[in-house]
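K.L.:
Spelled out from the first residue to the last, the chains are:
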Amino acid sequence: MRIEMSEDLDENITSLFQRILPFLSSLILLLLSYVPLDFSLLNNIRPSVGIVCVYFWMLHRPDLFNLWSVYFLGMIDDIISASPFGSNIMSMLLMYILLNNTSRFFNAKPFIVTWYGFAALALVTMLSRWLVVSVYYGQFLPLAIMMFSYLVTVASYPLLSLLLAYIQNHLIQDEE
Amino acid sequence: MKRRRSLFIHLSHIRLLAQKFALVILFLSAFVLMLVNKTDTFLIEKTSSAAMDVVSPAIDVLVIPAKAIAKVYDYFQDLRKIHEDNIRLREENKRLNRLFDRARALEIENKLLSDLLNFVVPPEAGYITARVVAEEGDAFSHSIIAYTGDSSVKKGQVALSDKGVIGRVDRVGSVYARIILISDINSKIPVMVEKTRVRGILSGDNTTLPKMVFIPLEAEINVGDRIVTSGVAGIFPSGLPIGRVVSVNKNEIRVKPFSSLEQLEYVKLVDYGLSGVIEDEAPLRDAH
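Each protein sequence line maps, in turn, to chains A and B.
Read in order, the letters of the first sequence correspond to residues 3 to 178 in the numbering used here.
Read in order, the letters of the second sequence correspond to residues 850 to 1137 in the numbering used here.
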């Protein structure tokens, strides 16, 4: 009896862990993107890890990555960043809305199609954020730097999605 | 059976509607947060500082493995440069020794003249050295988060690297502080050209080269001029090195900071005892 209960508890904990894994993995990647490194190569321009994670998990496991996950991920990004509070939440929610309406075009398609899809949606998301923050400050932010940041984000998508796909395939089991 | 099916359809409609409603509410809340942030109320600042204290330790933990990987790369890079560095450092050492002798002579001279003029020496500045735990530098903001420990860091304190000013303390938590870099769009520092004493404001715009604005029309500024703080407004003391003019165009003058803003490992947070126009707030820990 006791062994059965313990097995149930183990199963419940494993199941809970698997349910929060998409959010947890996104959070760790997001925090890693702020770690100071001595590479002057990129001049501190790093990929927007948040929108990569939102795109990946919404496309592959929308059942484990809901609206609240998107909101909290954006909020944590806003806490660390010095950009106007709420701007990261907005851009991630925008990615959520865009993907909700277009996921049928990218779902279960070859990787290259999902990558193109990400490139298109990320452009809309990042340009919208650029516009909103520019209005906030009352002056245009450097578009060239934003575009470079966009290219870095798109270029990093294969690597990040490989990592997230590993988590999805090896650590998250489908419910029977 | 039919009734149960229609009930199911009805419930799924309600769920869909609720989800859409939640989406609109969350989107609006993000918008409201931005508006409230614009007014820069004390509440938002305090909440944000407290949240920063919660999130920053998580990055602090991740710094260790990430740094270890970066260090291996650096080690092999450094090996190649050791010989060149050695020659350069020997030359520099000779030059610095000469400068040291000269500085000592000037110090004695300065003391004698100060005594003659009855000059009141300003109080010495207190400082702490803080480790950088997070950094960002994209089109939207340029800032770092540094671990300050239990020290009494205050908003508005000057942040220096070994080469000069890098920014000012913007938010203070109980053990972490956010520093706005001089290249950030929110950074405005009163500066002057060291040689000609022409004054202006160094304004960040989220590019790597901040620009100098509000300069007198007749002022002559050349590429290579050193820019230092002017001390106007009482936030920064005068004479702190900032950077060098790298381009002079009709509309703008760009300054390259002496410090490499994207490679900061430790920063010095200095308290010159100047409150200036920034309200002197008690740090969060005082509230506890």
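Source of the hints: derived by calculation from the structure; they are not laboratory data.
Any given hint might turn out to be false.
[Claimed, not checked] Okay, the calculated beta carbon distance ranges per label pair: (1) B:His862 to A:Arg106: 35 to 41 Å; (2) A:Ile22 to B:Leu866: 24 to 30 Å; (3) B:Val921 to A:His172: 24 to 30 Å; (4) A:Ile22 to B:Val881: 54 to 60 Å.
[What the hints assert, rightly or not] Every beta carbon over 12 Å from chain A, so not counted as near; a handful from chain B, in silico: (5) Phe880; (6) Leu884; (7) Val885; (8) Lys887; (9) Ser905; (10) Leu948; (11) Glu958; (12) Ala974; (13) Leu1009; (14) Asp1011; (15) Thr1045; (16) Thr1057; (17) Ile1070; (18) Asn1098.
[To be verified] Partial list, computed: chain A residues near chain B (C-beta under 10 Å): (19) Phe19; (20) Ile82; (21) Ser151; (22) His172; (23) Ile174.
The beta-carbon is built from N, C-alpha and C at its ideal position, and this holds for glycine as well.
K.L.:
It remains to establish, for every hint, whether it holds in the given structure.
P.N.:
How the hints compare with the structure:
1. B:His862 to A:Arg106: 35 to 41 Å: With Cβ atoms ~20 Å apart, the hint is violated.
2. A:Ile22 to B:Leu866: 24 to 30 Å: With Cβ atoms ~27 Å apart, the hint holds.
3. B:Val921 to A:His172: 24 to 30 Å: holds (27 Å)
4. A:Ile22 to B:Val881: 54 to 60 Å: violated (28 Å)
5. Phe880: violated (7 Å)
6. Leu884: B:Leu884 is in fact no farther than 12 Å from some Cβ atom of chain A, at 8 Å.
7. Val885: violated (8 Å)
8. Lys887: The claim is violated: B:Lys887 sits with its nearest Cβ about 7 Å from chain A, within 12 Å.
9. Ser905: Violated, because the least Cβ-Cβ distance between B:Ser905 and chain A comes to about 8 Å, which does not exceed 12 Å.
10. Leu948: holds (28 Å)
11. Glu958: holds (41 Å)
12. Ala974: B:Ala974 is indeed farther than 12 Å from all Cβ atoms of chain A, at 25 Å.
13. Leu1009: The claim stands: B:Leu1009 keeps its Cβ more than 12 Å from every Cβ of chain A (closest is about 17 Å).
14. Asp1011: holds (15 Å)
15. Thr1045: Nearest chain A Cβ is 29 Å from B:Thr1045, so the label holds.
16. Thr1057: At about 6 Å from chain A, B:Thr1057 fails to clear the 12 Å cut-off, so the statement is violated.
17. Ile1070: Check passes; 23 Å lies beyond 12 Å.
18. Asn1098: Answer for B:Asn1098: holds, closest chain A Cβ roughly 16 Å.
19. Phe19: Violated. Min distance 18 Å.
20. Ile82: The hint holds - A:Ile82 has a Cβ within 10 Å of chain B, the shortest such distance being about 6 Å.
21. Ser151: holds (5 Å)
22. His172: violated (20 Å)
23. Ile174: violated (22 Å)
Hint compliance for this structure: hints 1, 4, 5, 6, 7, 8, 9, 16, 19, 22, 23 are not met, and every other hint is.
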